[in-house]
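K.L.:
Each chain, written out:
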Amino acid sequence: MLTKEQIKSIRINIRNRGVETIDLEIEMLDHISSGVEEKMKQGASFRNAYKAVMLEFGPHGMSQLQSMKYDTLCKKGLKLLLKKYLELLTPPKIFASLCISFLLYTIFYYFPSNTLFKSVSISIFFIFFLSLLIIKIKNHKKKYSQIKSYDQILSFVFIIFNAPFYDIFINSQTTSVLAKTLIIMLPSLFFYSYFEVFLKLYRELEEDYNNYVLT
Amino acid sequence: MANKNLYKGTLESLIFQLLRVNNRMYGYEISKTIKEQTNDEMIISESKLYPTLHKLEATGMLEVEIESTGSRLRKYYKLTGKGVKESQNQLESLKQYILSLSNFVELKIG
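If you're matching them up, the sequences are chains A and B in order.
When the letters of the first sequence are read in order and numbered with our numbering, they come out as residues 1 to 215.
When the letters of the second sequence are read in order and numbered with our numbering, they come out as residues 1001 to 1110.
Hints may be right or wrong, so weigh each one.
Unchecked claim - Chain B regions said to be covered by chain A (calculated; three or more residues, Cβ under 8 Å): (1) 1020-1028; (2) 1036-1048; (3) 1076-1089.
Hints were generated in silico from the structure; no laboratory data involved.
Beta carbons: idealized from backbone N, C-alpha and C, even for Gly.
Excised from the complex, chain B in its bound form (with noise of 0.2 Å):
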């Protein structure tokens, strides 16, 4: 199992990412499949996963569609236009980092 703290500050980045993907997702489908893909190593709490999701909402990165599901309503979100642009910068952040940090790991003594 990783460190948790490996992967504080990579949410956003996996949302948009998430959601270039798949178009567009609720709240709960997005944690779930969070949990799948980092093979239960990072489980989104909901105090983290929607204040985010809010604060995406409220600066426009994210639009929101609200549906019925039958028995209730679902509110799935988005990206913006100026959400997808947003979502190419992280990636390309991200991709650094990785890349950066692959290198320092690499490292070898001497």
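Chain A on its own, in the form it takes in the complex (with noise of 0.2 Å):
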């Protein structure tokens, strides 16, 4: 039976080597201090057989794990994303997010004039951008950036593809109101649910850790 200060050590060690989710911390410190447990009733002193179990790591094993912790959550995000998305074009939701998107089509419709139309999408368009950016600098080094990193990444495609999309077709006088409001939501509802779908997932990363004190 390992000691509450060997314990501690172990997890401090687990924690440097770029383990950053809970579960797999959890599941690290039960799986060496299971074989160090284990190596010890064979005779081994402490230091010897945390040595050895964590060879069987390798150098950078448990960052691998993590990365691959990541990917794994990063699928079961885009999972949860389309179910969400499906989910908002299924009546009762897609009543009110027709509603929506035809009272937002109706805003771009009477907006002054065509250059005013265009310089303030671009604008918000563009700020939004930027800011994505600075977030992507700013967590670059910092917890859950490889599935913050994700996420911007497909914010990025989803803003390069529909800046086009609202500058042809909402002043397109050939297209009818129905096909500009569908051109306002379906992205607009894809973008929601993604916000909305890894927003969660990594706060409940975020709470699951600061909630777990090291004791």
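Build the complex: two chains, separate frames, hints provided.
P.N.:
Set out below in structure tokens:
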């Protein structure tokens, strides 16, 4: 049986080796401790047993496991995003989405001038793009940076693809009102879904991590 | 000692089978049991075992229970309803694979 101090030192070492998510930390701590305890039962000292178990992981083993854990989380996030998106596109939520989108379309339509509309929409997209870029640079070496990068790539792709659509179709005379409303609605709902899913995902991760106090 | 490559691709099936028999298990226990049951021929590295467990958890095949062992927390894995069905399919496929392979191994020349 390991002492509290020995467990604490293992836990600190796990964090130093790049483990960021709490469930992986719990798992690694238990795995290493179980391995160390078994070797100690066979007569090894804590130090030697610990060294032997850590050798099995290799120098980058833990950070690789963390990276793979993020990949799994991202895939799960994408599935949740699709589920959320489809949920918003089915009754009764689709009626609310259509009403809000039509309202947005009306605001765009009655904008005083085409040039003003273009400059406002492009400015909004530009500000959004810039703020995401700043967040990305700021969080580059912080916790969950990997999952955040994944999330931001999606938003960049969204902005790049979405901006021309607004410009071409909303101001076109040949596009019907319903089509214009849908052009606003579909990407906006996608954006809303992914924000909700991914923000929830790393808020949960961060809360778990902060609530789990080193004992 | 058998060629380790022969065991590749069977990890998921082994995890399913172990959880069917033992109801719930934790990571270290799974890796130790596989090692013991295969007479040290199949040693599962942590870099293979945990991503597989996490993938099965994310796809809803496994569910997790976290319990205290006194000095630390332990994460147990168990099959979900979906996992039980999948484990039956995997076991059938594994049996079929072994049977086909066995027929092939016993093939006589001429």
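K.L.:
Out of the numbered hints, which ones does the structure contradict?
P.N.:
3
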